[in-house]
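Protein chains in written order, with the working numbering: chain A, 45 to 329; chain B, 412 to 805.
Because the hints were derived from the structure by calculation, they are not lab data.
Built from N, CA and C at the ideal position, the CB exists for glycine as well.
Treat the hints with care, since some could be wrong.
What the hints assert, rightly or not - Residues of chain B clear of chain A, computed beta-carbon distances all greater than 12 angstroms:
hint	residue
1	Leu544
2	Thr571
3	Ser661
4	Leu715
5	Gly720
To be verified - Here are some, though not all, of the chain B residues that point toward chain A, as calculated from beta-carbon distances under 10 angstroms:
hint	residue
6	Ala415
7	Arg431
8	Ala597
9	Pro598
10	Glu712
11	Gly714
12	Lys717
13	Ala721
14	Arg724
15	Val799
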Amino acid sequence: MTVAAVEAVDVSRTYELDGVSVSALRGVSLTIDQGEYVAVIGPSGSGKSTLMHLLGGLDRPTGGRLVIGGRDVASLTAPELATLRNETIGFVFQAFHLLARTSAVDNVALPLVYRGVGARQRRERAAAMLGRVGLGHRLHHRPNQLSGGEQQRVAIARALVTEPAVLLADEPTGNLDSATGEAVLELLERLNAESGVALVMVTHDQEVAARAHRRIAVRDGLIRSDTRHDRPGSAGSGAPATLDPAPSAEPRSASGSGPGHPPGGSGGAAGATGRLPRTGAGGAG
Amino acid sequence: MRVAEAWRVALDALRANRMRSLLTMLGVIIGVASVVILVAIGTGTKQQVEQQVEGLGSNLLLVVPGKIEVGTAPVVSPLDLKDVDAVSRVVGDPGRVAVTVASGATARAGNRSDFTTVQGVLETTPSVFTRSLSRGRYLTGADVDTSRRVAVLGASVARTLFPERDPLGQQVTLAGVRFRVIGVFAPLGQSLGVDRDDEVHVPVTAAQRLWGTQRIDGIAVKAPDRERIDQLGERIVAELSRRHPDTEFSAVTQQQILGVLGDILGVLTGVLAAIAGISLLVGGVGVSNIMLVSVRERTREIGLRKAVGARPRDIGVQFLLEAVLLTSIGGLTGMALGVGTALLVDAFSPIPAAITWWSLALAFGVSAAVGIVFGVVPAQRAGRLDPVVALRAE
């Protein structure tokens, strides 16, 4: 058994909004091992985005213990946490979050800037990474000169250029049409298999979630189920786990997305891949 | 590496918003330029005054009745020529003592006239003050002793009254009395706001007779050396006070005049610089404002940078550099503009202007400091942004 990439023990996260405490997570325990392929599913407002922010070290828990890359988040200062993110975590966002006016290769090289890598080496590594995601011919294009799928692939290259232990993908296909989304998913899965980076993908698309080896269903700030199964089709049992109560969450999602998150707000290809209206980046609390 | 990136990003941000950057800089440019120009004018004026006071002569001691202070009323002089003799005895050399009794008068020659200052003086004037003649001769002791009606014209008086003729030997009428022109001064130009070419020198005795008075306005002494000048002044004042117990006398040196004038001009320069400084401050507020806008606009970028490992400091430095770059570029431009304008003013207007290195260093230092001071708050705000909130910003 290798050391866990991320370990959360009874982690909770409470927000103070105008003096009212809102619990986004109410005691979550889970371990992400190296090389795992995990889907985190749940409706809007379930706390899955909060969980993702915590696992990525973007946020700190208000209770419980969170260990990322062997380091307890509670013991780290803000700069140390930033360094930990740089070394251990790669992020892929639904909205890509590429720097406009900056070429693909420089976008990919950005995390290396904060690692203190020299300019020349940065570019070499970024270019190589872009080659791995199939964008070797787009090094000097700016985001607005790239298609949505290409932009997300640049973002994936940026997430992986630091060779992190965990790749956190928050609705990575949410802004893409189904064919492009499928290609991006395949790329993520291939990189997960090739490089051994743990892939944690937040989604509320059941079809997308079904491809993962492990599915964690989050609802009302708690983990409702955590099921592992073999690579689909590789073993006899093959089919996605059925213990998962997530399907029952779907109507909730459709009718009751959180305030400020109108259904379908992101304008994604909702009809193409799933039955669910897409929400924004996912309500945290 | 990180700092290099911060520079690159800061420059890129300024380039991306060229118009906005330029307008923001404009405040700093105007502020720095006005500091440079106004300090240059103040310094130039001060230098000019110093030159003019020095140009009067060296080791001069001016003795006048009354106190020499700003805001005191002039005093009617009780001095007469006997007092001058007494002062000469104190000095020990009559050749070092000059006097003046001056009054405005109309000088006429033929059908031309000029309102000018007639000064009754001793023959010692050219050796006490720095004056030289372009033509003819100066007054002699005999001219003074015999109250001879002879006159030495200032350059502009000579030009006005005798535009085409040689004034030497011609008659001029001063306050209705005819004098013969025996000499013309070389041009001197302005000094302390007075046209020193607009005067006529006549023997003091003739002048006193002209105005029916025995008084003289003041005494000037050329001290033998600088070291004993103050002591000499005290002895002269003591002697005059003994002769005129009811009147106060003052003896001032050029250094004292320079000191007083320098103080006044220094205050003036300071006030001008402060006014200009206010505009620089306003420019700084503009920078602060734009930086806050810039932070808000780029909140998502800040969130992303933090997500991939930028520390709060990295973000803060990036925005601080942007602010400092704004004000520094503005400061350099303002300096160039200020120096250029000051040189033009000096060359093409009667106002003197002198560029001093300290004013340039100060203006640039202040503009960079303005960038730091007014950039710190936006930069800190950017550095402290919660990455989760920042990433979600619209």
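Verification of the hints:
{"no.": "1", "hint": "Leu544", "verdict": "75 angstroms, holds"}
{"no.": "2", "hint": "Thr571", "verdict": "71 angstroms, holds"}
{"no.": "3", "hint": "Ser661", "verdict": "70 angstroms, holds"}
{"no.": "4", "hint": "Leu715", "verdict": "4 angstroms, violated"}
{"no.": "5", "hint": "Gly720", "verdict": "2 angstroms, violated"}
{"no.": "6", "hint": "Ala415", "verdict": "7 angstroms, holds"}
{"no.": "7", "hint": "Arg431", "verdict": "15 angstroms, violated"}
{"no.": "8", "hint": "Ala597", "verdict": "69 angstroms, violated"}
{"no.": "9", "hint": "Pro598", "verdict": "65 angstroms, violated"}
{"no.": "10", "hint": "Glu712", "verdict": "6 angstroms, holds"}
{"no.": "11", "hint": "Gly714", "verdict": "8 angstroms, holds"}
{"no.": "12", "hint": "Lys717", "verdict": "6 angstroms, holds"}
{"no.": "13", "hint": "Ala721", "verdict": "5 angstroms, holds"}
{"no.": "14", "hint": "Arg724", "verdict": "7 angstroms, holds"}
{"no.": "15", "hint": "Val799", "verdict": "5 angstroms, holds"}
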